[in-house]
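*Asks:* Chains as they are written, first to last, in numbering that gives the first Met the number 0: chain A, 0 to 333; chain B, 0 to 303.
These are computed hints drawn from the structure, not numbers from a lab.
It is possible that part of the hints are untrue.
Claimed, not checked - Below, a list of computed lysine to any residue pairs in the SDA-like style, where the Cα atoms sit at most 25 Å apart:
1) A:Lys281 <-> B:Lys221
2) A:Lys173 <-> A:Gly203
3) B:Lys280 <-> B:Asp258
4) A:Lys159 <-> B:Met94
5) B:Lys256 <-> B:Thr21
6) B:Lys133 <-> B:Gly223
7) A:Lys306 <-> B:Thr70
8) A:Lys159 <-> B:Thr70
9) A:Lys281 <-> B:Gly160
10) A:Lys281 <-> B:Lys133
11) A:Lys328 <-> A:Asp28
12) A:Lys49 <-> A:Pro308
13) B:Lys221 <-> B:Arg193
14) A:Lys167 <-> B:Arg112
15) B:Lys221 <-> A:Lys159
Said to hold, decoys possible - Pairwise CB distance ranges (calculated):
16) A:Glu127 <-> B:Glu119: 44 to 54 Å
17) A:Thr237 <-> B:Gly223: 16 to 26 Å
18) B:Glu140 <-> A:Ala133: 47 to 57 Å
19) B:Glu36 <-> A:Thr297: 45 to 55 Å
20) A:Asp135 <-> B:Ala7: 49 to 59 Å
21) B:Gln142 <-> A:Thr297: 25 to 35 Å
22) B:Phe278 <-> A:Asn202: 53 to 63 Å
23) A:His111 <-> B:Val59: 20 to 30 Å
24) B:Thr281 <-> A:Ser278: 32 to 42 Å
Heads up, the beta-carbon is just placed ideally off N, CA and C, and yes, glycines get one too.
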Amino acid sequence: MKTLLICISLIRCGNAALPIVINTWPFKDASATAWNVLQAGGSVLDAVEKGCARCEHDQCDGSVGFGGSPDETGETTLDAMIMNGDTIEVGAVAGLRRIKNAIGVARSVMEHTHHTLLVGESASMYAENMGFIAEDLTTNTSMSLFTQWLKANCQPNYRKNVFPDPTKNCGPYKPGDLLRHKWKGRHTDIHSHDTIGMIAIANGHIAAGTSTNGANHKVPGRVGDSPIAGAGAYADSTAGGAAATGDGDVMMRFLPSYLAVELMRTGMEPSTACKTAISRIKRHYPSFFGAVICANTTGHYGAACNKLPGFSQFHFMVAESQSDIPFSKSVDCF
Amino acid sequence: MAAVGTWAFSEPAVERLRCLITAGCNATDVVEEAMAEIEDDSETGRHIVGRGGFPNREGVVECDAAIMEGTDRRFGAVAALRGVGCPVRVARRVMDQSPHSFLVGEGAVAFAREQGFTVESNESMLVHTPHSTKAYQEFLEQQQSVRGHDTLGLIALDKMGNITVAVSTSGVPFKHPGRVGDSPLPGCGLYAERMVGAATATGDGDKIMCFCPSFHVVQLMKHGACPNDACALLDDIIKSTSTDKCFEIGLVALNVKGDVGAASSVDFPFTYWNQENNFVKTSTQAPQFPPKRRNVQGLKWAMT
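Extracted from the complex, chain B is given alone in its bound form (with noise of 0.2 Å):
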């Protein structure tokens, strides 16, 4: 049993994950859970998650999450969703309700409605807090920008080895309308297979969602890395941007055995408990540019 989440502000949610799953409750019950309170949570909205979160460069708040199960790649979806404060749970719907795997816009709108959710206004999901109206001020004003991607993943190994990923996001603030990023894109944002285990990444979007690093991680988990030395993948990334600076990325993985691993261009804390442990920590992952040689030769995947 173990749990991981992206960042500090995860802190609560990862509490929330060691307490449902080592009741006994289903890895991707308990992520819902854990992430929907988050999302739904207006404070958090500075961290770039759900209510609260930042608007688009016209004052929308637009979000996207997805949720994975590590059996048969169970995945759902939902990006530039407008009106609802627990985009995870539309997602979980999707995955659940749907044989698609991915909704987005105005069709992701209609089918929370469809399922029961209540599409709020955009004033009740912005919430002017303080943090978003201000910056949204200051971007009409100067065209200036709110550095953070912060991105909420969160992953949960449960007492039957069941391993779920979710990831919740409202995106880079004051983005494009209908701009989606790397968090709901399987692969991208996140990843999960069962009896190997899952990652998570966060940063900027629209980089990462070029590298599918969350997939290549846990195919590196599947040939036998241990999570640390998977995440090492993203020396090969740093080596193969053009620019003297990487991109802002974060990785964490999880496998089945409980233990937890991470990588990332800038300081990346992350929270994380397991069974042994048993208590949740943060730890913060130092930037590892320029790349580091990591114990990474002689992997290859295998041909099945």
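Same shape as in the complex, but just chain A (with noise of 0.2 Å):
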């Protein structure tokens, strides 16, 4: 008995249960939800399908699925993506228009088609072709947020080199004198969490996704790291899952959610695959927002987060077997 006892308190403090969900930010009904589907027998990619799209129906603090971040138009655009660890295969959508499920029409290029991205307003024409229900995604908030931001000269915004100064006015905007300068602006509202990022490991399979609406005041048409492999997520079931979030613009170049899963391969632990990760990105990027979260074959997990003022501290949920309801872990940042 003290045996028995013995090894299940080394379990649940290596934190290697399965089956288990992680998923970036607290946002606990993505997980709770995450976690029934595969209680009810449901596969790995149906739990990220269904949790990751539980935050596109709950607009997630506002920074996934609809009515949030418009970008310079007013518009609110998704990206998404999910992969398969066992197939190494990929499903993605980005700057997708009028479809509320990201994720679902992601696993749906994956599945009815021999594609692995769609973007843009053909990406929703094939949605609705696939049944997908076309709806506005702005709502009064959104508009609420673009307005405002009209009427503070659209600051903040991501543009640079052009005439009129972008610092401040609104565009519409021509090219300026370039100047040659590393982009260390962050426009990200670290207080406005972003991307939803989801890893689901049961019985050797391992699957991974991402949702988010972008960035607030984006480019129109522009795309993060969200809903490309390797960057907002990576799952291989040989190896491990990881998720990206943050500033997907300076993320994307350094595909830290491919890194993670490679280093875990290679048997390092989760967190330390997470903290290599960002560490890569915070060498040339020092002031970048961001964090990383990963989960082995056996069920390790691990984050790491970069450490800006007012960010020391990265919150995740976490379900697994040892407790009935998700619980929110946290990682400080470095």
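Put the two chains together into one complex; each comes in its own frame, and the hints tell you how they fit.
*Replies:* Set out below in structure tokens:
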């Protein structure tokens, strides 16, 4: 009995209970939804899809789903991806208009086409043809965000090297003199969490996925890291899964999710894998906003984040069989 | 100083890179120039690049392009861009003129227009070259597609040791509108890292983009592999595919010493120049299926 109790406590401390669902930010209803899908016999893909879709429906923190992050024209567009770690297949959409269930469309792309990523208006047409309902993604909230932004002379925005001066004016803009400088500015509001990234592991299968409405006041057509395999998320059932959140314009160039999974493949602990992924970016962009979650095939998990004023801890959700209810964990940023 | 291009049709581009690099031009500028010349030439559209490239299934030419500098991983990309004959130039503007990294579809067109590019009609982009017109007719009548995933990838290593890679494609012929493949995605179609090198991939983009091969090749070079051994990563990709025939993929890599390497699942010609040899040469990488054992055992990624 003593031995059994020790074993159980070791498992709890080692964070290695399977099956497991882990997702970015304290989006607990998304975790619960995904966990319930697994408990009901659903696949890891089902769990990730339904879990992220819950955030799309609930408009998690205004940074996932409809009614948030209007672009420069006031429109909300969605990015999402889903990855099957068994087959190394991916489905993704970016700049999706008029369709609320972006990750559902992403899964449809994976399962019903030979393609992997569809973008823009064409992605929306595809979705409608496949039976997804067209709905306005604008709400009073997103319209209000947009009109307030217009009144504030479109500050902040994502323009540089243009005329009129983007630090003081709205567009339309024309190219100005090119000043070659590294973009150091951070427009991401760290109090507005962004992107749900989720990993589910069960019975040797791993799936990962993301969903977001992207950056507030982004240039129309802007796509961040979320729908890009290896950037927003990655899953390989022989190694692990990872997902990222934060300033996608910077993070996508460093492939943090793919890197973390490959590091876990070599035996690196998930926490260290996540930390390495963050370090790589931090070395070049010390002020970037971002976090990564990782989990390996044994159910060990970890997370890491880049420390900034106002962002010293990153919260994420875990659902596993030791606890009926998903619980929040946090990691100190470095 | 060195330069590499995918496929034999890159020879004039690599020759152009040789001239410009030797003249002391910057890696990013030369890659943009050489790439744009090929993109805007409707005759090279048959190679699935730029103007004159194969349209999507609705008859519209949509292009993807990206450019990446090794320094700070600066990056710019466009996808599903319509009406612009030199998409790499727009990608460069995304890199230089925007804190964003990737613009797609209608937004990419709007950005191009703002940046002063003329957005042309689809007729102008199609150019109705014999190859694409005939092929599109056959597609409409018989649902018969065209084999080929050519894509142009170019890597330049300049006098100062800067390394830049760019990729451009009109995408798989008769694709679904809005389909984006691996080409404009960082780590997939292209990747570059200062003091290490760069890599580019070509082939079945819908599959390639699930494996991040360019990123992985550059990481292997970072940890000591020569470009050939780094490209042997293809062995792992082949092993992980469940079918008995791997999808079409060609990888080529260049390190900052000017060494080149390649691997592929099909016959894959690539064109290469370096300062030491001082001639532009096209070699053909033979397919390696079944995978051969290569000297990549024990390569560990550093924990930094």
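*Asks:* What are the numbers of the hints the structure violates, in ascending order?
*Replies:* 2, 6, 10, 12, 15, 16, 18, 21
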